[in-house]
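Trainee: Sequence:
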Amino acid sequence: MAQSRKDYYEILGVSRNASDDDIRKAYRRLVKEWHPDAYKGSNKKDAEAKFKEIQEAYEVLSDKEKRAMFDRFGYVGDAAANPRGSGRTPGSTGGSFDDVFGDFQDVFDVFFGGSRSGGSSKTQGPRAVRGEDIHASVVIDLKDVILGKKVILEYDRNKVCQSCKGTGAEGGTSFKTCPTCNGTGYVKEEHRSFFGMFSNTHVCNTCNGSGRIIDKRCSVCGGRGYEKERHQVSVTIPAGVENGATLRIGGHGNAGQNGGPYGDLYVSVRVEMPSEFRRSGNDLYVSKEIDYVEAALGTTLEISLPEGGTEILRIPAGTSPNTVFRMKNLGVPSVSGGRRGDLLVTVRVNISKPSSKEKRLLEQIAKVKNSRVVE
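Each residue of the sequence shown is one higher than the last, beginning at 0 in numbering that gives the first Met the number 0.
Derived by calculation from the structure, the hints in this document are not laboratory data.
Cβ coordinates follow ideal geometry from the N, Cα and C atoms, glycine included.
Careful: at least some of the hints might be erroneous.
To be verified - When the alpha-carbon atoms are kept at most 30 Å apart in a straight line, the in silico BS3-like pairs for lysine-lysine are as follows:
1. Lys-287 / Lys-368
2. Lys-142 / Lys-158
3. Lys-327 / Lys-352
4. Lys-39 / Lys-142
5. Lys-49 / Lys-5
6. Lys-175 / Lys-148
7. Lys-368 / Lys-148
8. Lys-327 / Lys-358
9. Lys-368 / Lys-327
10. Lys-352 / Lys-366
11. Lys-164 / Lys-148
12. Lys-49 / Lys-39
13. Lys-358 / Lys-368
14. Lys-65 / Lys-44
15. Lys-65 / Lys-31
16. Lys-43 / Lys-187
17. Lys-227 / Lys-158
Unchecked claim - Simulated restraints on C-beta separations:
18. Ala-244 / Lys-43: 42 to 48 Å
19. Ser-267 / Thr-345: 28 to 34 Å
20. Ser-303 / Pro-353: 39 to 45 Å
21. Asn-349 / Gly-249: 17 to 23 Å
22. Ser-370 / Glu-301: 30 to 36 Å
23. Pro-273 / Asn-349: 43 to 49 Å
24. Arg-247 / Lys-39: 23 to 29 Å
25. Glu-306 / Ser-335: 45 to 51 Å
26. Asn-16 / Lys-327: 22 to 28 Å
27. Ser-335 / Asp-214: 38 to 44 Å
28. Lys-43 / Ala-127: 52 to 58 Å
29. Ser-333 / Asp-214: 55 to 61 Å
30. Asp-21 / Pro-273: 52 to 58 Å
31. Gly-280 / Ala-17: 44 to 50 Å
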């Protein structure tokens, strides 16, 4: 029995431990490259030989038993590798024909856009096309982040022409039969391939599959099917929104085509933070300064809140510099509706040069505390 000594892994360009999916992907790629009708080189016979070699390699490596035999012995008998030479019908290998030739549908779709059955295939007519999205931006402050805000956005967009109802024809009825497809909406083309003649029926490019063309364009929109408008929409910015967040408002973009829906409006939010505040997650950070006497004896601070109002923070006696105090539930609300974050206050202690009077008092304190003071 004749035997093939070809390295099927090398032919498909995969490793010996390649998965079934890797082999299938390699096969599809090579078939599209070496199909005689798609081959860009001048030697079609070489392409046909290579194409058959690729099929043979895939026939072996896509079959578990044949692949195991090839891995063990380094070859597979011709009868096993090539069902055409074995006298078997292509469907008698336990489904391997479907595995191999089922992938040809992808090839035909790439080359012809049609079917592999020798008949014709029709693609659908013009699909409804969704309108394009519109992008806008809004600037808010920290107070808006904490309380939430509603803003009115005004911008230009395309809306469906009310005169022609989006058809582009005057009065919505001024059409005539497409001369290219004779009103069918489809154009049939035939291709000669390695496997024979194939017919492909595709959407007519003249009428976009509608079977008719505009006889008289709409005088309002000029046949576009849409017209410009100044559009307003109320946008609710939720409390807790992050800087750079994007909100989607459905249906407020541009008009669609062929009855397609409107696109969406995407609003980018930019937060202008006050210079004294810093945000991390839902917590806010601020720094306050006290003098060394207040740090030693204790004091109170009036903390201004971003949303308005104040809160009193009590500083205990003996507070060290850069002590951080946490004020619960005075930060930013969770955008999902949970509790507010906290406000963290860092207390800085200002130790300035004392006046003469302060120096005398401090010297008395130093004597009481037996402190080491430089004269």
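Trainee: Each hint: holds or not?
Mentor: Hints, verified against the model:
| no. | hint | in the structure |
| --- | --- | --- |
| 1 | Lys-287 / Lys-368 | holds, 29 Å |
| 2 | Lys-142 / Lys-158 | violated, 35 Å |
| 3 | Lys-327 / Lys-352 | violated, 35 Å |
| 4 | Lys-39 / Lys-142 | violated, 65 Å |
| 5 | Lys-49 / Lys-5 | holds, 12 Å |
| 6 | Lys-175 / Lys-148 | violated, 52 Å |
| 7 | Lys-368 / Lys-148 | violated, 57 Å |
| 8 | Lys-327 / Lys-358 | violated, 39 Å |
| 9 | Lys-368 / Lys-327 | violated, 37 Å |
| 10 | Lys-352 / Lys-366 | holds, 19 Å |
| 11 | Lys-164 / Lys-148 | violated, 36 Å |
| 12 | Lys-49 / Lys-39 | holds, 13 Å |
| 13 | Lys-358 / Lys-368 | holds, 15 Å |
| 14 | Lys-65 / Lys-44 | holds, 28 Å |
| 15 | Lys-65 / Lys-31 | holds, 24 Å |
| 16 | Lys-43 / Lys-187 | holds, 27 Å |
| 17 | Lys-227 / Lys-158 | holds, 6 Å |
| 18 | Ala-244 / Lys-43: 42 to 48 Å | violated, 58 Å |
| 19 | Ser-267 / Thr-345: 28 to 34 Å | holds, 32 Å |
| 20 | Ser-303 / Pro-353: 39 to 45 Å | violated, 30 Å |
| 21 | Asn-349 / Gly-249: 17 to 23 Å | violated, 54 Å |
| 22 | Ser-370 / Glu-301: 30 to 36 Å | holds, 33 Å |
| 23 | Pro-273 / Asn-349: 43 to 49 Å | violated, 22 Å |
| 24 | Arg-247 / Lys-39: 23 to 29 Å | violated, 44 Å |
| 25 | Glu-306 / Ser-335: 45 to 51 Å | violated, 19 Å |
| 26 | Asn-16 / Lys-327: 22 to 28 Å | violated, 58 Å |
| 27 | Ser-335 / Asp-214: 38 to 44 Å | violated, 56 Å |
| 28 | Lys-43 / Ala-127: 52 to 58 Å | violated, 43 Å |
| 29 | Ser-333 / Asp-214: 55 to 61 Å | holds, 59 Å |
| 30 | Asp-21 / Pro-273: 52 to 58 Å | holds, 57 Å |
| 31 | Gly-280 / Ala-17: 44 to 50 Å | holds, 46 Å |
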